[in-house]
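Chains as they are written, first to last, in our numbering: chain E, 1 to 414; chain Y, 1 to 245.
Among the hints, erroneous ones may be present.
What the hints assert, rightly or not - Straight-line alpha carbon distances no greater than 25 Å define the calculated PhoX-like cross-link-like pairs of lysine-lysine that follow:
hint: 1; chain 1: Y; residue 1: Lys128; chain 2: E; residue 2: Lys406
hint: 2; chain 1: E; residue 1: Lys18; chain 2: Y; residue 2: Lys5
hint: 3; chain 1: Y; residue 1: Lys5; chain 2: E; residue 2: Lys16
What the hints assert, rightly or not - Negatives, chain E to chain Y, calculated, CB over 10 Å:
hint: 4; residue: Gln8
hint: 5; residue: Lys16
hint: 6; residue: Ile34
hint: 7; residue: Lys275
hint: 8; residue: Ile277
hint: 9; residue: Gly319
hint: 10; residue: Ala323
hint: 11; residue: Ile352
hint: 12; residue: Arg401
hint: 13; residue: Leu411
Hints in this document: simulated from the structure, not taken from any laboratory.
All C-beta atoms in this analysis are idealised placements derived from N, C-alpha and C, irrespective of residue type, glycine included.
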Amino acid sequence: MFDIERWQEIFETLSKNKLRTFLTGLSVASGIFILVVLLGFSKGIENGVKSQFEQDATNLITVWTGVTTKGYKGLNPGRYIQMKNDNFELISQKYEDNIEYETSLYAIWGAEVAYKNETGNYRVRGAMPDHQFIENAEIESGRFVNQSDLKENRKVAVIGRKLKQDLFKDEDPIDKNISIFGMNFKVIGVFIDPGGEREEQQAYIPLTTSQKVFNAGDNIRNMLFTIKMSDNFDEAVALSQNMANAIESELKVMHTVAPDDTSAVRVFNTLEEAKQIYSLIATIQAVFWFVGIGTIIAGIVGVGNIMLIIVKERTKEIGIRKALGAMPMSIVSMILQEAVFVTMFSGLFGLIFGLGLLELVGPMIDSDFIKYPQVDFNIALTTVFLLVFAGALAGFIPAYRAAKIKPIVALRDE
Amino acid sequence: MIQIKDLHKSYHMGSNSLHVLKGINFDVKQGELVSIMGSSGSGKSTLLNILGMLDEADEGQYILDNVPIKNLNEKIAAKYRNEFLGFIFQSFNLINYKSALDNVSMPLYYKGVKRKERTERAMHYLEKVGLAQWSHHLPSELSGGQKQRVAIARALASDPKVLLADEPTGALDTKTSYEVMELIQGINDEGKTILVVTHEHDIAQMTKRIVNLKDGLIIDDSPVEQIRASEQIRLSEQLKDSQHV
């Protein structure tokens, strides 16, 4: 394998048969290249769809209420169902074991928020500390709302990055006062939300504070829960679906809503939707893998085919070499080493070319549904070695047979 | 150098069996230049192939330089071929993508000679056949006579005990044939044992001994008065000149 004389002989043979070398290399390189690009884009689609979807926690159960559409137990339809703090606490206690994060919200749309001379209309949401994790929000500076803010009804606000840019420009907003409907709130933090600018054009204040300053009593608008994920995804989906159903029926009982009234109490289970999207992604990936593996198989067959032709074409040469004293094994290993070298070299070339393309084109793709196309380097490398191995195997059989031909027969071959 | 006793060889084609060699006996001494003659189908090429270990006899004894040649596996046959024999073929059998020099150094590569020495020795033999300035040309860029000279240089490269030539002039015109024979005679003069298979009488007359084969048996084996190829070339040139005048 490391015999320098042998390698010199091989390089000489390869460089003097440029077309043959080039064609073999091309079929291998293009196979690997196509596979890498396919897998890259499959990953890109996965990344894109997931990032679209994972702006908020994926294991989220959202509860909101509306107006009854059906009369029930003597009550008229058209009644607005108002959730209270009690409802939230009851559910929170009852499902304590399954709940990961929880919050109830009281939000005001289009609140007038001002700092010095800058004014704008933004959504202001009263929330609990867990809300940060439910929104997948990250703190850029300062901190999020905490439990003591809640307990003491502090007039503090965590503002989105966009809101900060609008009102504060380059100024550091921490510990500055903003006014919401003329009331002063101290800014304690700035957050970033994966949902983008839309989500960053709002401010969070403690739930209790919002109920107080907006005269809401103990009213709440929404309840959000995330459920603890078990290792088994299907189990988690089933659990969250059960929980969603249970919460819905309990709230209906509490507020005397007809069980089949779909608009008064609504519970949305994100995980159910996640399951569908994940299975869609899995299908896309399976298709890409299928095409990729098909390409690789075509590549292997191509390499094998070329090897067969090479051996056939070189039968006479093999005969000459044997007449000059070549050992049968030296013939086999000569052909194999050539094959392995060419497939390896061009396989890696295709790999690097494919990765380079993804690296180059990846950031230029401006689509919400394809993000960061990339390939697991190990997978790509494994396929290269697989191709090399298969190419060697495909080359071995004809090479071995050729080495077995009697030199006199091989020499007669025209 | 070569001792052969009662050599038999048959080829089987389907149900037909063709008995090609029916008991060949002959010896070749060191330094001999022997031609094997016979019409096609007489078994002369088969005999040469067996001598060259390219083919195996069914029966009989073959001793080459005191080494009994029998029950060869591929490995040993390859080693013996490399060590004992040099081949010259009718169709030259040069590797077409290798230069003259690389073709000549090929047997040395299989002998395990290092590259530098290989090139030197190959160059030496190319000089010997008068093709030093053609060393980097591909076979396709050489004439038939030149190709055969390269093949002869290649056969000599590993310094074998015996040269085996199968119709070495079969693909060449008369003048070139004589030039090739002149070269072969020169090599023989230096003491190399050479066997030439041919069906051309003038070529056979240029050896020192003619073995005549017919239907798989030796019918005649006698020394001849060697005609020097250089003489023939000179004569034919004189003839040409006289025709012009």
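Quick rundown of the hints versus the structure:
Note on Lys128/Y and Lys406/E: the hinted pairing is violated, with a Cα-Cα distance of about 32 Å set against a maximum of 25 Å. For the given pair, Lys18/E sits about 50 Å from Lys5/Y by alpha-carbon distance, which is inconsistent with the 25 Å threshold. A C-alpha spacing of about 46 Å is found between Lys5/Y and Lys16/E, which places the hinted pair above 25 Å, so the restraint is violated. Separation of Gln8/E from chain Y is inadequate, the least Cβ-Cβ distance of about 7 Å not exceeding the 10 Å criterion.
For Lys16/E, the requirement that its beta carbon stay farther than 10 Å from each beta carbon of chain Y is not met, with the minimum near 4 Å. Consistency note on Ile34/E: stated as away from chain Y, and its beta-carbon is indeed over 10 Å from all of that chain's, at 32 Å minimum. Chain Y leaves Lys275/E outside its interface by the beta-carbon criterion, the shortest separation being 61 Å against a cut-off of 10 Å. With a least CB separation of 58 Å from chain Y, Ile277/E remains clear of the 10 Å interface cut-off, as annotated.
A beta-carbon of chain Y comes within 10 Å of the beta-carbon of Gly319/E; the shortest separation is about 8 Å. With a cut of 10 Å on Cβ distances, Ala323/E falls inside the contact zone with chain Y, its closest approach being about 5 Å. Non-interface call for Ile352/E relative to chain Y: holds, since the shortest CB-CB distance, roughly 29 Å, exceeds 10 Å. The Cβ of Arg401/E lies farther than 10 Å from every Cβ of chain Y, with a closest approach of about 13 Å, so its non-interface assignment holds.
Not every Cβ of chain Y is farther than 10 Å from the Cβ of Leu411/E; the closest lies at roughly 6 Å, contradicting the non-interface assignment.
The structure does not agree with the numbered hints 1, 2, 3, 4, 5, 9, 10 and 13 stated previously, though it agrees with the rest.
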